[in-house]
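Visitor: Dock chain B against the given chain A, drawing on the hints supplied.
If you read the protein sequences in the order shown, they are chains A and B. First residue of the first sequence? That's 1 in this note's numbering, and the numbers climb one at a time after it. First residue of the second sequence? That's 1 in this note's numbering, and the numbers climb one at a time after it.
DSS-like cross-link-like pairs, simulated, lysine-lysine; straight-line CA separation at most 30 Å: (1) 435/A / 350/A; (2) 105/B / 80/B; (3) 80/B / 46/B; (4) 349/A / 80/B; (5) 431/A / 349/A; (6) 429/A / 105/B; (7) 319/A / 349/A; (8) 429/A / 80/B; (9) 429/A / 349/A; (10) 46/B / 319/A; (11) 80/B / 127/B; (12) 347/A / 431/A; (13) 350/A / 46/B; (14) 435/A / 80/B; (15) 127/B / 429/A; (16) 350/A / 431/A; (17) 350/A / 80/B; (18) 350/A / 319/A; (19) 429/A / 350/A; (20) 46/B / 127/B; (21) 429/A / 347/A; (22) 105/B / 127/B; (23) 80/B / 431/A; (24) 349/A / 435/A; (25) 435/A / 347/A; (26) 319/A / 347/A; (27) 105/B / 46/B.
Everything labelled a hint here was simulated from the structure, so no lab data went into it.
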Amino acid sequence: MLKGSGTRKLGGRDSLRAFQRFLGWSLVALFVSLFPSRAHAYTWMLKHGYANCTVCHADPSGGELLTAYGRVQSDELLRMRYGKSSESAQRELKAPRLVRNTLELKTDALSGEDDEAKPDEAKPDEATAGEEAPTAAPTAEAAPTSGEEDRYPGEFLWGLIKTPEWLLLGGSYRHMMVIRPGSEAKNFNTFPMMADLYGQVQFGNFRAEGSLGVVRVGVGSPYARAAQLTTNQGDQWNLLSRTHWLGYDLADGTMTLRAGHMNLPFGIRIPEHTMWVRQATLTDRESAQQDGVAFAYNGEKLRGEVMGILGNYQVNPDKYRQRGYSLFAEYLVGAQTGIGISSMVTKAKKDRITLEADPLRQAHGAYVRSALTEDLVLLAEADALLTSDHDTGYVGFAQADYEIIRGLHLMATGEVQDRGYDQLIGGPKTKGNGKPQFGVWGTVDWFFLPHCEFRADAYSRQQDDFTILGQLHVFL
Amino acid sequence: MKPESRVRSFRARALQIAVGASVTLTALTSPRAAHASSSYPPEVQKALDQQFGGSHCVPQCITCHLTNEGGIGTMNVFGKNLERYGMLPPSSPSRVVTAFDTYFKSTPPADAPQVDTIFANGTPQRKFFDSDSDGVSDYTELQQGDSPSIALPRGVDEVCPADVIMYGCFARVAAAPPPADRFGLFSVGLAVLGLAALRRSKRLRRST
Chain A
1 MLKGSGTRKL GGRDSLRAFQ RFLGWSLVAL FVSLFPSRAH AYTWMLKHGY
51 ANCTVCHADP SGGELLTAYG RVQSDELLRM RYGKSSESAQ RELKAPRLVR
101 NTLELKTDAL SGEDDEAKPD EAKPDEATAG EEAPTAAPTA EAAPTSGEED
151 RYPGEFLWGL IKTPEWLLLG GSYRHMMVIR PGSEAKNFNT FPMMADLYGQ
201 VQFGNFRAEG SLGVVRVGVG SPYARAAQLT TNQGDQWNLL SRTHWLGYDL
251 ADGTMTLRAG HMNLPFGIRI PEHTMWVRQA TLTDRESAQQ DGVAFAYNGE
301 KLRGEVMGIL GNYQVNPDKY RQRGYSLFAE YLVGAQTGIG ISSMVTKAKK
351 DRITLEADPL RQAHGAYVRS ALTEDLVLLA EADALLTSDH DTGYVGFAQA
401 DYEIIRGLHL MATGEVQDRG YDQLIGGPKT KGNGKPQFGV WGTVDWFFLP
451 HCEFRADAYS RQQDDFTILG QLHVFL
Chain B
1 MKPESRVRSF RARALQIAVG ASVTLTALTS PRAAHASSSY PPEVQKALDQ
51 QFGGSHCVPQ CITCHLTNEG GIGTMNVFGK NLERYGMLPP SSPSRVVTAF
101 DTYFKSTPPA DAPQVDTIFA NGTPQRKFFD SDSDGVSDYT ELQQGDSPSI
151 ALPRGVDEVC PADVIMYGCF ARVAAAPPPA DRFGLFSVGL AVLGLAALRR
201 SKRLRRST
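Bound-form chain A, shown alone (with noise of 0.2 Å):
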């Protein structure tokens, strides 16, 4: 059932409309004609059958923090097995009883199977059943009983700390390897790329979350810096903090109505922060985060966030703080497919990405989510740029996601970003600007232990050199 609506704002000239319907319906076209009669999920947490992020995540609109129901999902639907099989490891698992539940409601929707075909002592009561997996209610009954004296993997530092109902605690932690083979200098680095805490408190219907983190970059570094708390702007270590904010959910916490420091709601939340679609249009989770108010609605079909920017507070002084608007929306197509719109427009009184004086951007865009088959994902997303004293720029990915075996992913990556020719610099037009540049990156997920997940990435870009990339996460 349809609920709410999404608005678009466009940028007002006609070509870009032109571009962007041509843009939407073409994407749509294409997976439209490429799906099979049977579509699997979105992104390879949805195509287990999650039709939203606040099932498994704090955030409305996905990322970080785990709820305890996403907390057992992660080990159950992500790590690897190692020969077992999913349904024995179901058997093996001490998660609470209702998400035990849930999980084989949701497995069972996923075969295709009645519920009258299954066993009735596999079945929840009802009042289990027409639950929607709620965000914090699982909790109330993940405590073990009594009884049960081994602890569950998936549980917050692997168990060794029991959290409250109304707490969620998480972290990650992320080490990276930087290989330039072709380089002719230094051609590895390695460095602790990101060290977060996350928690949330909630009481009732009200919400308080927040990150805290340390890090250390280089100087001048774009990346960190817009999320420091301390005011270190050389090498040392720094304080930062991505989110925080305060939330209100409404009508059963379809709605969420949140004030604080937030992740931008644009495009497909991935979590590749150089990946060009998300630097490109400054919405990446690394340090893009910006102050503003937000509304999230979580329906059935159609999801979606609004956020007023009024700035990154971040960041000194207040010329550079973009203010403005985020947006986006999705809505699902079949059973597993989501397709969405987003739209962008900030001002500020100067750019510090570009140091132009009084600078518009705007970015609008589509994109899809899909699983092809049970194993196979694709995303796709692309965006239009629209910057002052630039020409019309634009920015998209596509990535087929194919797990081998579970907990093995293999990815394929093509992005390509044209950010408009910037008429103010002047000089000929290059690869990026005024002209296409086109990447490729091909990728190696493993989750090979609970919540402990290892990546290798190679890629290859115009006008850079190839790069390897490997990089160790735990997530608490």
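Guide: Below, chain B without anything else, positioned relative to chain A:
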């Protein structure tokens, strides 16, 4: 506890210890700055200090790149000239100081934008690169703190802007010391010297 449960419990604890140890090990053994390629700006600062004397700020990435995001393959017109005529290979921050020296000694080809330039080191006036074609050479613009890649007037003070971006809560650019302080120090110095001279003259009078 059943034996099976004990085994499972042991496995879970072993897993916790293994993961914790590996994370701690990697964190402690690698205390490098993240995204280490951003070591260029301090090298550019050294180059400016060496070329023009005094103490310069750490320049912004946009001095040599199209945007402050930096990155390989994103050089602006000045950055490209520096790479080409300063003999600066990619991914070589340690060679930036030498590259600036080589660049300032180079002679632009006939087809490159160039203007007459007066060099501070006593070199006779000669033609030098004007990457942004604004009528002022790269050397002069860098000497004045203006961007050599963004045409004037937009490029004024863009290498070391007065309103430089600061990060962190309540970060502020430190205010310059008021001129009165310098004047005050000078006055105090004069007064001390005057008093010393007065005492000396008194001693001389007494001794005579």
